[in-house]
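Chains A and B, in that order, are what the protein sequence lines are. Numbered according to the working numbering, the first sequence spans residues 97 to 336. Numbered according to the working numbering, the second sequence spans residues 1129 to 1551.
FYI, nobody ran anything at the bench for these hints, they're computed from the structure. We treat Cβ as the ideally placed atom computed from N, Cα and C, and that holds for glycine. Take the hints with a grain of salt, since some may be wrong.
Heads up, incomplete: computed chain B residues facing chain A, CB under 10 Å, no partners named [unchecked claim]:
#1 1137
#2 1139
#3 1142
#4 1176
#5 1188
#6 1219
#7 1273
#8 1317
#9 1320
#10 1345
#11 1365
#12 1368
#13 1424
Simulated crosslink set (DSSO-like; lysine-lysine; CA at most 27 Å straight-line) [stated by the list, open to error]:
#14 A:197 with B:1217
#15 A:116 with B:1142
#16 B:1142 with A:172
#17 B:1217 with A:147
#18 B:1217 with A:116
#19 B:1140 with A:147
#20 B:1433 with A:197
#21 A:116 with B:1245
#22 B:1170 with B:1433
#23 B:1170 with B:1142
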Amino acid sequence: MSKTDIEEASKDKLREMHCKFNALSRCDGSVMYSQGATVVIAAVLGPIEVKTQNLSIEGSYLECNYRPKAGLPQVKERIREAAIRDVLELALLSEAYPRAKMSVQVQELEDRGSIDACALNAACLAMLIGGLPLKYSFAAVHCIINEQGEFVLDPDQNETLHQQASFTFAFDSVDGNLLLVQTKGAFKIAQFNDIECICRAASAEIFEFYRRNIAKYHGSSAEQAAATKEGSNGDPPMET
Amino acid sequence: MFMNANLFEPGKSKPERNFIQGAVKQNTRFDGRKSNEFRDVKLTFGADWGTVAVSIGETKVLAQVSCDIGTPSSARANEGTLFLNVDIKGVAFLDEAQATHDQRFLTLNSLLERTFKSSRCLDLESLCIAVEQSVWCVRVDINVLNHDGNLYDASTIAALAALMHFRRPEVSYVEEEIRTFSERERELLPLLFLHYPVSVTYCVYKSSSQPLVDPTLLEENAADSVIVLSFNSYQELCTLNAGGTAPTNVRTIMQCARSAASRSKALVQFIRKALELDAERRQQPNQVAGLVDLLNESAPQLSFKHLMAEQGQTETNKADQLSGDEPMQLQETVSEEQTTDTSTQKIPEPQMDDSSWLPQEQNLSEEQQVDGVQLSSKQEVPTTAKAGKSKPNRGKNKFVKKQPPTPRKQNQSDSEEEVTQII
């Protein structure tokens, strides 16, 4: 009985998140990010020299790569890469560094469900820790509708085996605007709206996680500031 | 704001090179290690079979083994295939200078190919399902996460550990039909090995005769030549890769080879031990194994120093029981003897035979007994206190925590002595 209770509870909760900043020494910013058993590592380098073919005088060029654990990137990985690039292009304040390149690399370490959302969150954290200019930070949340028609937030890999539909949403931290919607499978529009609300609520939790960890990384004074801020606002969308 | 591609890597600029050359002359290293001291090696196994993350200091590498059924080559119709691939793009950010990147990629791939494929370390015939029709194709992908020197060792250790960790599904071949059993139906099978090779890397500088083991990126880029030796656990040479411009004599290479052989043996033992611990962990229910451990500070760490120190202790205890001899006392007598050596400098080195490898075997086994790394019993020779001084005591420095600095000096003078003998 208690076990089913735990399962019930886990359906509308995010899995446990962990992150480790600057685990790699050769880049400007890197983060090892895990959500449940899914682990990704993201690294940024920039602003750096750009090839003439990619040079733009209006803003910086964004290079984004996603690497699978085994083999060469296939279509699936390319789609994921494109999703990350799209969101990053929206969030990156590219006007800050014209004629430069920003390079973002995401490496999958272990895929145990909702890898799309994890890769996006890791990319955002890497940008934040690498000090690249962003208009806003963003958080991605994955949610599915399982066989019984229940909503499962941030599912594990074995929960995704039998799914009716899967959704990935990304929200920005300032206005709470939708940055990315990825859906798969059949669903009603009412279900879509419900899931968007669930994911939006969950994104607040992720932003809180970002803030807490970055404050911890940068020292205790920032942590205190975050703690006072934490008290003042709790409802999404959050102001930064 | 913009980086010059050539100066981006540490060790590429002239002042850095001069600094390292000067440091090597004084027998010091930037990170405080001795010339024959290794960085700690850590293994983290993933939740999937055949996933392993290796870190040597700041160098981090991820290896993933996968397999599928394919057709064999016509030349070797009854053998499976092994494909190794190193990927150094991605998070390691190595592609800044295209030329060095390509060169690195080629040397790494050829090293792995020679170490694992040409030495035939896997029993490929056991991967055959139906002759000339279907065999298992094993693929090892190595992703470099961070490059801080010695990618050679990191990738060979990662490849070996991943291959040893990997399990393939069982298949049956009945009436021209292949049936693959899932994990639930039949237990997965590990790959069969004929031997276990790993590599050890040395850097040689013009300013010093003492090669540096396990170089950092700074040391590697500033080096005049890099020697990579692959040995298997039976101390047989699998690969020798020596290039560069530093004049290297036979003695230096032999000296490297000897310590590389024992290091390789210890490394394979370490990997075995780590695999055992991982298997134990998998037995327990509710244990979150996997690469999440990289993030988890409290997770048990499979590090070389930790595991092998334990082993050293248990083995010296064993030796203690067997011979009734106090192990610490043995160590002390060795170092004392060495101290007298350094002061007098008159006892000649035991004659080293450069032409053949075999006579040294005796010395090796003796050294290893002192180290607490046990050799197979047939090679064992009664230990004498003098045994230790014939060779640089790399292992001893590692296993005995408090060692007076005198043996190290002895090491250096050893090698100098060797060189002068030749000249």
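Taking the hints in turn, this is what the structure says about them:
Evaluation of the residue 1137 of chain B hint against chain A yields a held restraint, the C-beta minimum of about 9 Å falling below 10 Å. Of the supplied interface hints, the one on residue 1139 of chain B is violated, with its beta-carbon coming no nearer than about 13 Å to a beta-carbon of chain A, more than 10 Å. Interface restraint check: residue 1142 of chain B against chain A, minimum CB-CB distance 21 Å, threshold 10 Å, status violated. At its closest, the beta carbon of residue 1176 of chain B sits 7 Å from a beta carbon of chain A; the interface hint therefore holds under the 10 Å criterion.
Because the closest C-beta pair between residue 1188 of chain B and chain A is about 7 Å apart, less than 10 Å, the hint holds. Interface hint status for residue 1219 of chain B: upheld, as the beta-carbon distance to the closest one in chain A is roughly 4 Å, under 10 Å. Interface restraint check: residue 1273 of chain B against chain A, minimum CB-CB distance 6 Å, threshold 10 Å, status holds. Interface restraint check: residue 1317 of chain B against chain A, minimum CB-CB distance 19 Å, threshold 10 Å, status violated.
Violation of the interface hint for residue 1320 of chain B is found here, the shortest Cβ-Cβ separation to chain A being roughly 21 Å, above the 10 Å cut-off. Taking 10 Å as the C-beta contact cut-off toward chain A, the hint placing residue 1345 of chain B at the interface holds, the least distance being around 8 Å. Interface restraint check for residue 1365 of chain B: the shortest CB-CB distance to chain A comes to about 31 Å, outside 10 Å, so the restraint is violated. Residue-level restraint check for residue 1368 of chain B is violated (minimum Cβ-Cβ distance to chain A is 29 Å; threshold 10 Å).
About 7 Å separates the beta-carbon of residue 1424 of chain B from the nearest beta-carbon of chain A, less than 10 Å, and the hint is met. Restraint check for residue 197 of chain A and residue 1217 of chain B: satisfied, since their Cα atoms lie roughly 16 Å apart, inside the 27 Å limit. Our distance criterion of 27 Å between C-alpha atoms is broken by residue 116 of chain A and residue 1142 of chain B, whose separation comes to about 35 Å. For a cut-off of 27 Å, the pair hint linking residue 1142 of chain B to residue 172 of chain A is broken: about 45 Å separates their Cα positions.
Between residue 1217 of chain B and residue 147 of chain A, the direct Cα distance comes to roughly 17 Å. Compliance with the 27 Å bound is thereby established for this hinted pair. In summary, the hint linking residue 1217 of chain B to residue 116 of chain A is supported, as the alpha carbons are separated by about 22 Å, within the 27 Å threshold. In summary, the hint linking residue 1140 of chain B to residue 147 of chain A is supported, as the alpha carbons are separated by about 22 Å, within the 27 Å threshold. With a C-alpha separation of about 41 Å, the suggested pairing of residue 1433 of chain B with residue 197 of chain A is violated against the 27 Å cut-off.
Using a Cα cut-off of 27 Å, the hinted pair residue 116 of chain A and residue 1245 of chain B is violated, with the two alpha carbons roughly 36 Å apart. Our distance criterion of 27 Å between C-alpha atoms is met by residue 1170 of chain B and residue 1433 of chain B, whose separation comes to about 9 Å. For the suggested pair residue 1170 of chain B and residue 1142 of chain B, the alpha carbons sit about 33 Å apart, so the restraint of at most 27 Å is broken.
Figure legend: structure checked against the earlier numbered hints; hints not met, in rising order: 2, 3, 8, 9, 11, 12, 15, 16, 20, 21, 23.
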